[in-house]
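Peer 1: Now for the letters of each chain:
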Amino acid sequence: DQQVKQNSPSLSVQEGRISILNCDYTNSMFDYFLWYKKYPAEGPTFLISISSIKDKNEDGRFTVFLNKSAKHLSLHIVPSQPGDSAVYFCAASPPGNQFYFGTGTSLTVIP
Amino acid sequence: EPEVTQTPSHQVTQMGQEVILRCVPISNHLYFYWYRQILGQKVEFLVSFYNNEISEKSEIFDDQFSVERPDGSNFTLKIRSTKLEDSAMYFCASSLNSVGTGRYEQYFGPGTRLTVT
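Protein chains in written order, with the numbering used here: chain A, 21 to 131; chain B, 780 to 896.
Please keep in mind that the hints were generated in silico from the structure rather than gathered at the bench. Note that the Cβ used here is the ideal one computed from N, Cα and C, for glycine as well. Hints are supplied without guarantee of correctness; some may be wrong.
Stated by the list, open to error - Here are the computed distance ranges between Cβ atoms for each label pair:
(1) B:Pro781 / A:Ala61: 12 to 22 Å
(2) B:Thr786 / A:Pro99: 36 to 46 Å
(3) B:Glu838 / A:Glu35: 37 to 47 Å
What the hints assert, rightly or not - Stretch by stretch, here's where chain A covers chain B in the computed footprint (C-beta under 8 Å, at least three residues):
(4) 821-834
(5) 839-852
(6) 868-878
Bound conformation, chain A alone:
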């Protein structure tokens, strides 16, 4: 049941450049979206969220864009730093508190 998809399992970016992580979803009932970062042997760490009433949310170096018509969201990290190297998960929820996660994208930021 792939309601949330992250089609790129990995991404490499030079330090200082922009990282763009993508996420697609199929359920039109999803109205809240989150991005998490995860290091090995740790739990996911919340990064940023967006409600479906918005198309953009910004927090420091992190910006999430939501395109509802395309059922697509993306996370932009700029400038990318080596400490950003981790697995990034997007998650989506219909009304309520049940979150569906994507399979993750492993980001490597090259110094």
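Given chain A, work out where chain B should sit, using these hints.
Peer 2: What follows is chain B alone, placed relative to chain A:
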């Protein structure tokens, strides 16, 4: 900084045994969750809990599973009769709000690795 804690970090059990995974959510949070991640697979929602009752659960959360908040601080996940396929990392999470009620953030614990032999 407040954090979600989980114990134990690793639990090994034999098939058919009962296990209890423990979590201490952030103290002023009101919503509690359990997720699991089978090795190499995605994080999967199990259950959410609010006001001392289950608010939502997934198809994975069958009669073998139960959750409890036995006191004001702990939140537990019990698996009654473990199966080999229950081997996974189990994450507890908590949030102050419900989705859609304002700024929403969900904080995860470090996880408990459950190995069923």
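Peer 1: With reference to the structure, classify each hint as holding or not holding.
Peer 2: Evaluated hints:
no.	hint	verdict
1	B:Pro781 / A:Ala61: 12 to 22 Å	holds, 21 Å
2	B:Thr786 / A:Pro99: 36 to 46 Å	holds, 38 Å
3	B:Glu838 / A:Glu35: 37 to 47 Å	holds, 43 Å
4	821-834	holds (count 7)
5	839-852	violated (count 0)
6	868-878	holds (count 5)
In this structure, the one hint that does not hold is number 5.
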